[in-house]
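Construct the complete structure from the given sequences, taking the supplied hints into account.
Protein chains in written order, with this note's numbering: chain A, 77 to 428; chain B, 77 to 428.
Keep in mind that a hint or two might mislead.
Copies of the same chain are indistinguishable here, so a pair counts whether it falls within one copy or spans any two.
[Stated by the list, open to error] In silico lysine to any residue, SDA-like type, Cα no more than 25 Å apart, as pairs:
#, residue 1, residue 2
1, Lys179, Gly197
2, Lys179, Leu115
3, Lys283, Met236
4, Lys239, Glu254
5, Lys219, Gln240
6, Lys315, Ile428
7, Lys239, Glu259
8, Lys239, Asn137
9, Lys179, Leu88
10, Lys333, Glu254
11, Lys179, Lys283
12, Lys215, Glu277
13, Lys239, Asn385
14, Lys323, His185
15, Lys121, Asn347
16, Lys111, Gly255
17, Lys80, Glu194
18, Lys186, Gly197
19, Lys111, Asp157
20, Lys339, Tyr158
21, Lys121, Glu196
22, Lys377, Val147
23, Lys412, Gln281
24, Lys111, Gln240
Treat the hints as calculated values from the structure; they're not laboratory data.
2 protein chains.
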Amino acid sequence: MNGKMQWLRNKLLSMDLQGMIVSNPVNIRYLTNIKAEGLLLVTRKENIFITDGRYIEDVHNTLTLFDEIVVYDMMGLTIDDYENFFMFCEKVGFEENYVTYAKYKEYMHKFKINSLVETEGMIEKQRMIKDEDEIESIKKACKITDECYTYILNYIKPGMTEKQIAREIDDYYYKHSEGTSFETIVASGENTSKPHAIPTERQIQEKDIITIDMGCKINGYCSDMTRTFFIGEIPNDIKPIYDLVLKNQIQTLNDMKENFNTKLLAKMVDNDFRLNNFDLIHALGHGVGLDIHEAPTISIKSENLLKENMVVTDEPGIYIAGKFGVRIEDTVLIGKGGSEPLTESSKDYIVI
Amino acid sequence: MNGKMQWLRNKLLSMDLQGMIVSNPVNIRYLTNIKAEGLLLVTRKENIFITDGRYIEDVHNTLTLFDEIVVYDMMGLTIDDYENFFMFCEKVGFEENYVTYAKYKEYMHKFKINSLVETEGMIEKQRMIKDEDEIESIKKACKITDECYTYILNYIKPGMTEKQIAREIDDYYYKHSEGTSFETIVASGENTSKPHAIPTERQIQEKDIITIDMGCKINGYCSDMTRTFFIGEIPNDIKPIYDLVLKNQIQTLNDMKENFNTKLLAKMVDNDFRLNNFDLIHALGHGVGLDIHEAPTISIKSENLLKENMVVTDEPGIYIAGKFGVRIEDTVLIGKGGSEPLTESSKDYIVI
Chain A
77 MNGKMQWLRN
87 KLLSMDLQGM
97 IVSNPVNIRY
107 LTNIKAEGLL
117 LVTRKENIFI
127 TDGRYIEDVH
137 NTLTLFDEIV
147 VYDMMGLTID
157 DYENFFMFCE
167 KVGFEENYVT
177 YAKYKEYMHK
187 FKINSLVETE
197 GMIEKQRMIK
207 DEDEIESIKK
217 ACKITDECYT
227 YILNYIKPGM
237 TEKQIAREID
247 DYYYKHSEGT
257 SFETIVASGE
267 NTSKPHAIPT
277 ERQIQEKDII
287 TIDMGCKING
297 YCSDMTRTFF
307 IGEIPNDIKP
317 IYDLVLKNQI
327 QTLNDMKENF
337 NTKLLAKMVD
347 NDFRLNNFDL
357 IHALGHGVGL
367 DIHEAPTISI
377 KSENLLKENM
387 VVTDEPGIYI
397 AGKFGVRIED
407 TVLIGKGGSE
417 PLTESSKDYI
427 VI
Chain B
77 MNGKMQWLRN
87 KLLSMDLQGM
97 IVSNPVNIRY
107 LTNIKAEGLL
117 LVTRKENIFI
127 TDGRYIEDVH
137 NTLTLFDEIV
147 VYDMMGLTID
157 DYENFFMFCE
167 KVGFEENYVT
177 YAKYKEYMHK
187 FKINSLVETE
197 GMIEKQRMIK
207 DEDEIESIKK
217 ACKITDECYT
227 YILNYIKPGM
237 TEKQIAREID
247 DYYYKHSEGT
257 SFETIVASGE
267 NTSKPHAIPT
277 ERQIQEKDII
287 TIDMGCKING
297 YCSDMTRTFF
307 IGEIPNDIKP
317 IYDLVLKNQI
327 QTLNDMKENF
337 NTKLLAKMVD
347 NDFRLNNFDL
357 IHALGHGVGL
367 DIHEAPTISI
377 KSENLLKENM
387 VVTDEPGIYI
397 AGKFGVRIED
407 TVLIGKGGSE
417 PLTESSKDYI
427 VI
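Here you go:
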């Protein structure tokens with residue numbers, strides 16, 4: 077059995093749970109490396125993966141005897157089989173943040189479980205702390221993102237559309253990684269005022285401000301970086317806002333270390349923005365791993381302590397409706413005494 | 077208020093519900109055309125959309141006064157605001173197939189609702205029957221898919237990789253539509269034995285069998301088509317299986333009409349496959365709309381009656397582990413007396 081499955085079994089023991097139903101496919105991949113739809117059952121006796129005909133062959137190719145996971149095709153399972161999996165289990169854990177209310181009721185009924193117990197995102201919490209291999213994958217994804225950014229700065233010319241630039245980024249990622257980790261954002265001019273802008277047919281013009289939010293995947297692990305830059309010149313009204321965002325981005329980077337409170341991090345940025353009559357309208361950051369957005373959230377609403385080997389983003393932004401917006405973001409590895417930005421592209425003024 | 081929101085309000089009245097929380101973003105888009113994260117509340121007095129700073133500007137641009145939807149930024153809402161939305165509502169509907177168990181508990185607490193009532197996918201059921209505009213969008217997406225298939229047949233040459241071909245399809249869709257409706261499948265040789273194959277670096281060879289499963293989006297609405305074809309020649313062991321799959325695909329198409337039972341449709345194919353010592357290992361088809369997979373499911377496990385203006389797929393397949401697979405699929409518009417395939421690419425033997 078691999079270390080992550082062993083961790084889960086120990087964790088269940090310590091919580092006095094006799095089993096668990098793992099439904100979230102990202103958690104299943106994290107624990108088993110299986111990339112297929114299905115249910116992972118941790119029962120008293122064994123680890124079981126229930127899938128369907130579409131995935132059986134792939135799953136068998138992924139697993140080895142060492143994994144100690146028994147694979148079943150759901151087509152071959154009877155009502156009795158389901159009832160037997162958790163026989164003599166008093167309390168079985170489930171993922172209340174992933175499982176729908178309807179599925180919860182179905183599990184109760186199908187597996188004949190006395191008590192389905194909420195596990196409070198314990199696998200997601202474990203996923204926050206990355207091991208060496210995971211960090212290695214994220215580092216690679218960040219490096220490719222830096223290289224892609226360098227490439228795209230050379231590529232962009234006035235007259236090109238946002239869509240065209242986004243497509244070029246996607247193509248670059250396609251060639252050098254497992255593809256994008258989220259839908260690439262290329263926003264220009266007034267479109268930068270939308271934090272989640274979708275690339276449009278708007279053409280890049282002289283004096284434009286451009287925001288690009290981009291990331292890719294390596295071994296399933298994500299990178300995430302945003303840069304804001306300019307065409308021809310930096311408009312005078314944007315400069316002080318760029319400076320304010322960058323100052324806070326760097327300040328946050330400097331503060332990020334083991335045991336620093338995430339709420340405090342966000343509060344400090346929010347305070348500084350407010351002093352200048354702006355607001356921090358979205359989270360300051362989020363964990364990055366197999367999911368592009370995962371725990372912990374760094375915002376004024378969520379209290380967490382940073383821990384060594386967490387990987388999170390640091391992404392303050394200011395948006396002025398209908399005019400423009402500035403966001404600067406790095407993916408950051410948290411250490412005991414400080415943090416290490418894994419995306420390293422320049423954050424100085426860039427004018428192309 | 078638009079017709080779809082009016083339908084929902086009437087439906088709630090008829091179910092003796094005083095309100096509903098709509099959480100599924102696809103249902104929210106269907107009802108309101110809003111493409112943003114948030115919650116749609118149908119309350120006694122008004123329709124409310126709660127979103128956050130990232131989307132406020134976009135949502136305001138999407139909606140008109142005619143929509144009669146009040147938009148709130150969640151940052152500005154107090155505990156009292158949440159408790160007031162459903163004040164004096166005895167029973168409020170929610171989407172038990174979308175809402176997680178944790179969110180269900182949060183809604184109960186936050187909105188102080190006495191009784192959250194399961195709505196049994198009523199919006200999804202309404203979505204099964206497409207109106208004129210929706211059919212028009214799907215038809216366009218299917219037409220572009222046919223054109224893309226013609227294009228790609230001319231493009232493919234031995235030596236190319238599956239990934240490269242998938243990328244070319246994606247590029248075509250990117251230029252002519254809103255992009256792919258799911259991850260394009262290009263499988264060749266033994267990879268065709270996996271129904272959900274992910275394109276690999278495998279190079280196309282002489283005597284290869286190739287399966288392509290592809291679709292795009294227009295106005296958010298999807299198309300879905302699969303074709304299996306050959307390089308140079310059709311291997312003798314594959315021919316009878318291709319014939320068997322195609323026979324069943326056409327037979328299903330001919331049987332599809334108003335009031336035909338979906339379970340029976342799948343049963344007939346399964347029976348014919350079994351007579352030949354094969355199995356139907358996945359569903360025979362599924363609804364297509366804003367989601368690539370939506371209600372109804374056409375399988376031996378689910379009983380539904382086809383209705384006029386449903387749009388579904390017809391996609392039998394046979395897979396021989398480690399050797400090859402054949403799947404043929406059309407997107408089909410159901411009519412009173414028969415069905416109309418919306419994807420029209422040839423299903424005769426194609427050898428390139």
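We went through each hint and held it up to the structure:
1. For the identical chains of this complex, Lys179 and Gly197 are neighbours both inside a copy (17 Å) and across copies (13 Å), given an alpha-carbon limit of 25 Å.
2. For a Cα distance limit of 25 Å, the shortest separation of Lys179 from Leu115 qualifies both inside one copy, at 12 Å, and across copies, at 21 Å.
3. In this assembly of identical chains, Lys283 and Met236 lie within 25 Å of each other by CA distance solely inside one copy; the values are 14 Å within and 42 Å between copies.
4. For the homomeric pair Lys239 and Glu254, the shortest alpha-carbon distances inside one copy (20 Å) and between copies (11 Å) are both at most 25 Å.
5. In this assembly of identical chains, Lys219 and Gln240 lie within 25 Å of each other by CA distance both inside one copy and across copies; the values are 23 Å within and 24 Å between.
6. In this assembly of identical chains, the alpha carbons of Lys315 and Ile428 lie at most 25 Å apart only when taken from the same copy (16 Å versus 58 Å across copies).
7. Proximity of Lys239 and Glu259 under a CA criterion of 25 Å is satisfied in both settings, with 11 Å inside one chain copy and 19 Å between copies.
8. In the homo-oligomer, the alpha carbons of Lys239 and Asn137 lie at most 25 Å apart only across protomers (20 Å), although the nearest pairing inside one protomer, at 38 Å, exceeds that limit.
9. Proximity of Lys179 and Leu88 under a CA criterion of 25 Å is satisfied in both settings, with 21 Å inside one chain copy and 24 Å between copies.
10. For the homomeric pair Lys333 and Glu254, neither the shortest alpha-carbon distance inside one copy (30 Å) nor that between copies (42 Å) is at most 25 Å.
11. Proximity of Lys179 to Lys283 under the C-alpha cut-off of 25 Å is found in neither arrangement, the shortest distances being 53 Å within a copy and 45 Å between copies.
12. Taking the closest pair of Cα atoms, Lys215 and Glu277 come within 25 Å of each other only across two copies (24 Å); inside a single copy the shortest separation is 33 Å, beyond that limit.
13. In this assembly of identical chains, the alpha carbons of Lys239 and Asn385 never lie at most 25 Å apart, being 35 Å within a copy and 34 Å across copies at closest.
14. Taking the closest pair of Cα atoms, Lys323 and His185 never come within 25 Å of each other, the shortest separation being 55 Å inside a single copy and 40 Å across copies.
15. Taking CA atoms no more than 25 Å apart as the test, Lys121 paired with Asn347 passes in neither setting, with 54 Å inside one copy and 37 Å between copies.
16. Taking CA atoms no more than 25 Å apart as the test, Lys111 paired with Gly255 passes in both settings, with 16 Å inside one copy and 24 Å between copies.
17. For a Cα distance limit of 25 Å, the shortest separation of Lys80 from Glu194 inside one copy, 20 Å, qualifies, whereas the shortest one across copies, 37 Å, does not.
18. Taking the closest pair of Cα atoms, Lys186 and Gly197 come within 25 Å of each other both inside a single copy (23 Å) and across two copies (20 Å).
19. For the homomeric pair Lys111 and Asp157, the shortest alpha-carbon distance inside one copy (24 Å) is at most 25 Å, but the shortest distance between copies (42 Å) is not.
20. In this homomeric assembly, Lys339 and Tyr158 come within 25 Å of each other (Cα to Cα) only across copies, at 23 Å, whereas the closest approach inside a single copy is 44 Å.
21. For the homomeric pair Lys121 and Glu196, the shortest alpha-carbon distance inside one copy (24 Å) is at most 25 Å, but the shortest distance between copies (36 Å) is not.
22. With identical chains, the CA atoms of Lys377 and Val147 are at most 25 Å apart between copies only, with a shortest distance of 21 Å across copies and 41 Å within one.
23. Neither within a single protomer nor between protomers do Lys412 and Gln281 lie at most 25 Å apart by alpha-carbon distance, with minima of 45 Å and 53 Å respectively.
24. In this assembly of identical chains, Lys111 and Gln240 lie within 25 Å of each other by CA distance solely across copies; the values are 22 Å between and 31 Å within a copy.
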